[in-house]
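Asks: Top line first, the protein sequences correspond to chains Y and L.
Under the working numbering, think of the first position of the first sequence as 1, with each following residue one higher.
Under the working numbering, think of the first position of the second sequence as 1001, with each following residue one higher.
Where hints are given, some of them may not hold.
Unchecked claim - With a straight-line Cα cutoff of 27 Å, these simulated DSS-like cross-link-like pairs (lysine-lysine) come out: (1) Y:K69 with L:K1013; (2) L:K1140 with Y:K79; (3) Y:K69 with L:K1079; (4) L:K1161 with Y:K147; (5) Y:K28 with L:K1069; (6) Y:K161 with L:K1140; (7) L:K1079 with Y:K79; (8) L:K1069 with Y:K13; (9) Y:K69 with L:K1111; (10) Y:K140 with Y:K161; (11) Y:K79 with L:K1104; (12) Y:K69 with L:K1019; (13) L:K1019 with Y:K79; (14) L:K1113 with L:K1161; (15) Y:K29 with L:K1069; (16) L:K1104 with Y:K69; (17) L:K1117 with Y:K79; (18) Y:K69 with L:K1117; (19) L:K1010 with Y:K69; (20) L:K1069 with Y:K10; (21) L:K1079 with L:K1010.
Quick caveat, the hints were computed from the structure, so don't treat them as lab data.
2 protein chains.
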Amino acid sequence: MHYEIENVAKTLKAARESKGLSQRALGKKAGVLQAQISKFENGAVDLRLSSLIALARALDLELALVPRKVTPAVQSIIKSSERPAVTRSDEQRRTQNALVNLQKTLDNVTKLKPEVKELAQLARYARDFERFQIALPDTKIFQNANKAIEQFKKDAENLNKIRDSLAQFESLRNKLAHAYIDPEALKPIRPAYNLDEDDGDG
Amino acid sequence: MHYEIENVAKTLKAARESKGLSQRALGKKAGVLQAQISKFENGAVDLRLSSLIALARALDLELALVPRKVTPAVQSIIKSSERPAVTRSDEQRRTQNALVNLQKTLDNVTKLKPEVKELAQLARYARDFERFQIALPDTKIFQNANKAIEQFKKDAENLNKIRDSLAQFESLRNKLAHAYIDPEALKPIRPAYNLDEDDGDG
DNA sequence: TCAATAGATATATTTATATGTATCAAAAAA
DNA sequence: TTTTTTGATACATATAAATATATCTATTGA
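Please build the complete structure, drawing on both the sequences and the hints.
Replies: In structure tokens, the structure reads:
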């Protein structure tokens, strides 16, 4: 028996079971007899394409013909889509927290000094960065910006540090633009402002 | 006839033609009659799975069952694989180099310590990342992995750093898998100064 | 213990693919 | 033009899937 058919059968069976469907239930949904499904799952039958597609569709799967050289990438996508949540590394979590802290600080100070356009610019960049979490560098750049703003709060004449941060942000934004990732596709990462903060950096 | 079957048929036909194969040539390669191929390409027949797989394999294609929610990402990957190489920025080129270096180091050390499964895992991830070049973060994560491995070479007891890298890689891969890569992003990159809508430079 | 549901099989019939061979028109190459 | 190749069909038969119905065993729940 074709090992590739076996593979398809296994995938289908796994999908069915992961959805908690019995062979009869799936059969009803897909318009295929239970007996037929049983036979296919056990490699006892060489399904017709229409049957396969009917089954796949009932299981929210789509048939794709994938060029050999990109199958690893595709398999990788499929596998991680089966994973429940996206786990982030500590590094990424820390970066995320730094970004959130920055946004809070910005919110705060902008209320006090709404006329300072650099603050608005920083805020705009920070909002952009939310969508690019996967590609963000370490926390330092955000922490520095945070400090710059806090300093500015005390010494309203001194915009230098803020402008430095702005330049850094601009540069980062440019870099990120080279790797555009559809924000819609980014998994439901918790809203920026509701993150649990175990931070301690300031 | 099922539009999904039509779709498969079209894909197969396109693949055959792009390889410059006649129906007879393909038939010989796949062990399928020319008449059968003609009928299938015209939607006049409901192929059996074994025949479909034979044809696909002869065309360097693989059958995959893709969860609906990630089909856009998969389609995107497939499409970009059909495109010629993309010109990359210096940043991306550097990242690419770091990735290649990492793979070399891995190759090297894996020969010395083939029993360490973490190395194999890192290699697997690294291979995956090749497909996602446009969306990779900066070089650091790869350089760190590289260092971790070099360290491990001297101190074979110490797997901690390698495990850290592994966690980072896993996380990155998850992100990448969820991130639909807009094919548009592979086209010419906008110059940095046009990125933001309304601000002049501070 | 009894009832319900699960998956694996069995059988008979219908239907369609698979196979093999062959032909035909159109397009491409000689 | 002539020859060759290509893709679309036609028709035979063999084979296997699809369909429908039913049974069996094991498991799960009441």
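Asks: Compare the structure with each hint and give your call.
Replies: Consistency of the hints with the structure:
{"no.": "1", "hint": "Y:K69 with L:K1013", "in the structure": "holds, 19 Å"}
{"no.": "2", "hint": "L:K1140 with Y:K79", "in the structure": "holds, 26 Å"}
{"no.": "3", "hint": "Y:K69 with L:K1079", "in the structure": "holds, 12 Å"}
{"no.": "4", "hint": "L:K1161 with Y:K147", "in the structure": "violated, 30 Å"}
{"no.": "5", "hint": "Y:K28 with L:K1069", "in the structure": "holds, 23 Å"}
{"no.": "6", "hint": "Y:K161 with L:K1140", "in the structure": "holds, 25 Å"}
{"no.": "7", "hint": "L:K1079 with Y:K79", "in the structure": "holds, 20 Å"}
{"no.": "8", "hint": "L:K1069 with Y:K13", "in the structure": "holds, 19 Å"}
{"no.": "9", "hint": "Y:K69 with L:K1111", "in the structure": "holds, 25 Å"}
{"no.": "10", "hint": "Y:K140 with Y:K161", "in the structure": "holds, 14 Å"}
{"no.": "11", "hint": "Y:K79 with L:K1104", "in the structure": "holds, 26 Å"}
{"no.": "12", "hint": "Y:K69 with L:K1019", "in the structure": "holds, 15 Å"}
{"no.": "13", "hint": "L:K1019 with Y:K79", "in the structure": "violated, 30 Å"}
{"no.": "14", "hint": "L:K1113 with L:K1161", "in the structure": "holds, 16 Å"}
{"no.": "15", "hint": "Y:K29 with L:K1069", "in the structure": "holds, 20 Å"}
{"no.": "16", "hint": "L:K1104 with Y:K69", "in the structure": "holds, 20 Å"}
{"no.": "17", "hint": "L:K1117 with Y:K79", "in the structure": "holds, 19 Å"}
{"no.": "18", "hint": "Y:K69 with L:K1117", "in the structure": "holds, 24 Å"}
{"no.": "19", "hint": "L:K1010 with Y:K69", "in the structure": "holds, 20 Å"}
{"no.": "20", "hint": "L:K1069 with Y:K10", "in the structure": "holds, 20 Å"}
{"no.": "21", "hint": "L:K1079 with L:K1010", "in the structure": "holds, 15 Å"}
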